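Chemist: Take a look at the letters that make up each chain.
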Amino acid sequence: MNIKRRDIRDVTVLELSGKLMGGDDAATFQNLVKQLLADGRKKILLNLGNLSWINSTGLGILISGYTSVKNGGGVLKLASVAERIESVLMITKLSTVFETYPTEDEALVTFGSE
Amino acid sequence: MNIKRRDIRDVTVLELSGKLMGGDDAATFQNLVKQLLADGRKKILLNLGNLSWINSTGLGILISGYTSVKNGGGVLKLASVAERIESVLMITKLSTVFETYPTEDEALVTFGSE
Amino acid sequence: MNPSGGWESVELVVPSSLEYLSLVNAVAEEISERLGIEREVRDAIGSSVIEACTNAIEHGNKNDRKKSVRIRFRSNSERLEIEVSDQGKGFDPDSIADPRDPANLMRERGRGIFILRTFMDEVRFAIEPSRGTTVTMSKKLGPALPKEG
Amino acid sequence: MNPSGGWESVELVVPSSLEYLSLVNAVAEEISERLGIEREVRDAIGSSVIEACTNAIEHGNKNDRKKSVRIRFRSNSERLEIEVSDQGKGFDPDSIADPRDPANLMRERGRGIFILRTFMDEVRFAIEPSRGTTVTMSKKLGPALPKEG
Ligand SMILES: Nc1ncnc2c1ncn2[C@@H]1O[C@H](COP(=O)(O)OP(=O)(O)O)[C@@H](O)[C@H]1O
Ligand SMILES: Nc1ncnc2c1ncn2[C@@H]1O[C@H](COP(=O)(O)OP(=O)(O)O)[C@@H](O)[C@H]1O
Numbered sequence: 088m089n090i091k092r093r094d095i096r097d098v099t100v101l102e103l104s105g106k107l108m109g110g111d112d113a114a115t116f117q118n119l120v121k122q123l124l125a126d127g128r129k130k131i132l133l134n135l136g137n138l139s140w141i142n143s144t145g146l147g148i149l150i151s152g153y154t155s156v157k158n159g160g161g162v163l164k165l166a167s168v169a170e171r172i173e174s175v176l177m178i179t180k181l182s183t184v185f186e187t188y189p190t191e192d193e194a195l196v197t198f199g200s201e
Numbered sequence: 088m089n090i091k092r093r094d095i096r097d098v099t100v101l102e103l104s105g106k107l108m109g110g111d112d113a114a115t116f117q118n119l120v121k122q123l124l125a126d127g128r129k130k131i132l133l134n135l136g137n138l139s140w141i142n143s144t145g146l147g148i149l150i151s152g153y154t155s156v157k158n159g160g161g162v163l164k165l166a167s168v169a170e171r172i173e174s175v176l177m178i179t180k181l182s183t184v185f186e187t188y189p190t191e192d193e194a195l196v197t198f199g200s201e
Numbered sequence: 468m469n470p471s472g473g474w475e476s477v478e479l480v481v482p483s484s485l486e487y488l489s490l491v492n493a494v495a496e497e498i499s500e501r502l503g504i505e506r507e508v509r510d511a512i513g514s515s516v517i518e519a520c521t522n523a524i525e526h527g528n529k530n531d532r533k534k535s536v537r538i539r540f541r542s543n544s545e546r547l548e549i550e551v552s553d554q555g556k557g558f559d560p561d562s563i564a565d566p567r568d569p570a571n572l573m574r575e576r577g578r579g580i581f582i583l584r585t586f587m588d589e590v591r592f593a594i595e596p597s598r599g600t601t602v603t604m605s606k607k608l609g610p611a612l613p614k615e616g
Numbered sequence: 468m469n470p471s472g473g474w475e476s477v478e479l480v481v482p483s484s485l486e487y488l489s490l491v492n493a494v495a496e497e498i499s500e501r502l503g504i505e506r507e508v509r510d511a512i513g514s515s516v517i518e519a520c521t522n523a524i525e526h527g528n529k530n531d532r533k534k535s536v537r538i539r540f541r542s543n544s545e546r547l548e549i550e551v552s553d554q555g556k557g558f559d560p561d562s563i564a565d566p567r568d569p570a571n572l573m574r575e576r577g578r579g580i581f582i583l584r585t586f587m588d589e590v591r592f593a594i595e596p597s598r599g600t601t602v603t604m605s606k607k608l609g610p611a612l613p614k615e616g
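Protein chains in written order, with this note's numbering: chain A, 88 to 201; chain B, 88 to 201; chain C, 468 to 616; chain D, 468 to 616.
Calculated directly from the structure, the hints in this document are not laboratory data. Any given hint could turn out to be false.
Unchecked claim - One-sided and incomplete, this derived list gives chain A residues near chain C with beta-carbon spacing under 8 Å: (1) Lys106; (2) Leu146; (3) Ile150.
Since this is a predicted model, take the numbers as computed values, not measurements. Glycine included, each C-beta is placed from N, C-alpha and C at the ideal position.
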């Protein structure tokens with residue numbers, strides 16, 4: 088997995104690409120999320136448009152990120168989830184946990200501005 | 088391999104896609120070339136832009152096409168040859184046999200109009 | 468892919484490292500595409516193979532690159548059967564909790580077996596503690612035509 | 468792909484039918500890409516593997532889908548070695564004519580072995596008429612970094 092970061096006002100967009108599957112990905116993602124929270128950046132949008140697939144370990148990474156952000160008083164949402172990943176979220180009912188939007192723009196407006 | 092045919096004035100453009108590798112491909116291609124010659128269409132341009140790879144059996148198919156067309160008093164040229172295929176043509180010196188052009192348009196003007 | 472009508476098989480053996488999951492995924496994709504399987508089902512098969520291999524690599528072979536994971540794809544005109552074997556100690560597949568239970572929903576792990584059981588038509592585990600675990604999953608094939616090209 | 472520095476191998480076994488060449492090509496691509504091999508060399512490796520497998524399928528196993536072709540990719544930090552084995556009767560690799568000779572240039576066949584000998588750094592044939600032919604080809608690897616992702 089690769090991560091590209093963009094800040095759009097108070098929302099931090101993280102573009103994940105490649106595949107999310109555990110191994111080094113877990114620490115990379117957790118550290119980045121911790122750093123963002125420490126910097127006071129609490130509105131996080133994961134753009135999964137370029138993520139080709141995910142395994143259940145990858146789902147765990149998303150959940151741990153979600154939990155960290157929530158516990159830190161922030162929000163984490165998803166945008167542009169590919170069909171293959173969407174269907175894994177559906178069957179595991181994680182689609183009831185993650186707020187998900189078809190596009191980044193549609194997600195951005197839901198954060199509310201400061 | 089799939090073949091799409093387009094007639095541009097007296098030149099017949101055959102767009103080959105997929106992979107050219109023997110098996111059924113040989114008969115499909117030979118029959119088409121024979122039909123074209125029988126119909127008096129003797130200027131043939133093979134657009135290989137969507138051909139992802141070729142094996143030596145596929146090279147043989149191109150050669151047999153070339154020979155049939157030449158013996159029938161026509162010309163067969165190549166356009167948009169991908170790098171992977173180009174390098175096979177180079178090392179086998181078949182690049183000295185086939186007249187090859189970077190684009191279809193560049194090839195078309197070299198046929199001369201009737 | 469298989470005009471004879473009988474079973475035909477492709478086998479892939481990879482070292483026990485998660486890095487090889489993309490290769491496994493590429494092979495699963497290529498095989499399902501060849502069998503004329505539609506996008507959605509191909510995704511389900513790909514996700515299932517990835518889960519089975521993740522387990523074989525992590526739990527079965529404990530990420531020991533010297534141990535290998537064997538994946539066998541067998542197909543006939545009616546179904547695609549995929550076998551994933553490791554050299555680990557096995558486990559009790561009946562003790563797997565439902566990850567959708569509210570108590571489990573926010574857990575970070577425990578979804579792999581559920582995913583393959585949900586996506587595939589049939590899943591069997593053959594566990595021989597001395598030799599390893601083999602997961603066999605199968606998917607019925609619709610009357611689709613193989614892709615040309 | 469191989470932090471341990473030793474050899475690591477991936478094995479693929481397919482039925483003897485040309486239809487499986489695209490699967491072989493996809494695996495060769497995926498493995499070379501992972502090893503950080505640049506485009507041009509990847510193409511050369513792909514073409515060579517395809518030629519060796521075409522021969523194994525057509526000449527070695529005579530297109531008998533019940534016979535299989537085994538492809539083994541072994542790599543360490545210095546080179547990628549690819550073995551292609553069939554169950555055929557073998558042949559005399561020293562009798563292969565140069566397809567670039569004017570007398571041969573327009574022939575429809577006879578370029579496979581020349582292609583792999585040209586593209587790869589080393590090519591060996593082990594022919595055991597009772598068991599089959601194994602072509603082993605290797606390519607030196609430059610000091611490139613594996614792709615992330
Ligand atoms: N191939 C295997 N070998 C040994 N144990 C396994 C294997 N597959 C699964 N398990 C066991 O079953 C448990 C549940 O697996 P799974 O549902 O895939 O979730 P997870 O891998 O996230 O724990 C694992 O934690 C492991 O203990
Ligand atoms: N694996 C093999 N088993 C048996 N014979 C082979 C094998 N590979 C090559 N040959 C023989 O060598 C000849 C030359 O092979 P090649 O250079 O690939 O050209 P082509 O396959 O087009 O004939 C073949 O015609 C065949 O007789």
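Chemist: Each hint: holds or not?
Modeler: Checked hints:
Annotation: A/Lys106 was flagged as interfacial toward chain C, and the flag holds, the nearest CB pair being 6 Å apart, inside 8 Å. At its closest, the beta carbon of A/Leu146 sits 6 Å from a beta carbon of chain C; the interface hint therefore holds under the 8 Å criterion. With a least beta-carbon distance of about 5 Å to chain C, the hint placing A/Ile150 at the interface is held under the 8 Å criterion.
Consistency with the previously given hints is maintained throughout, with no hint failing.
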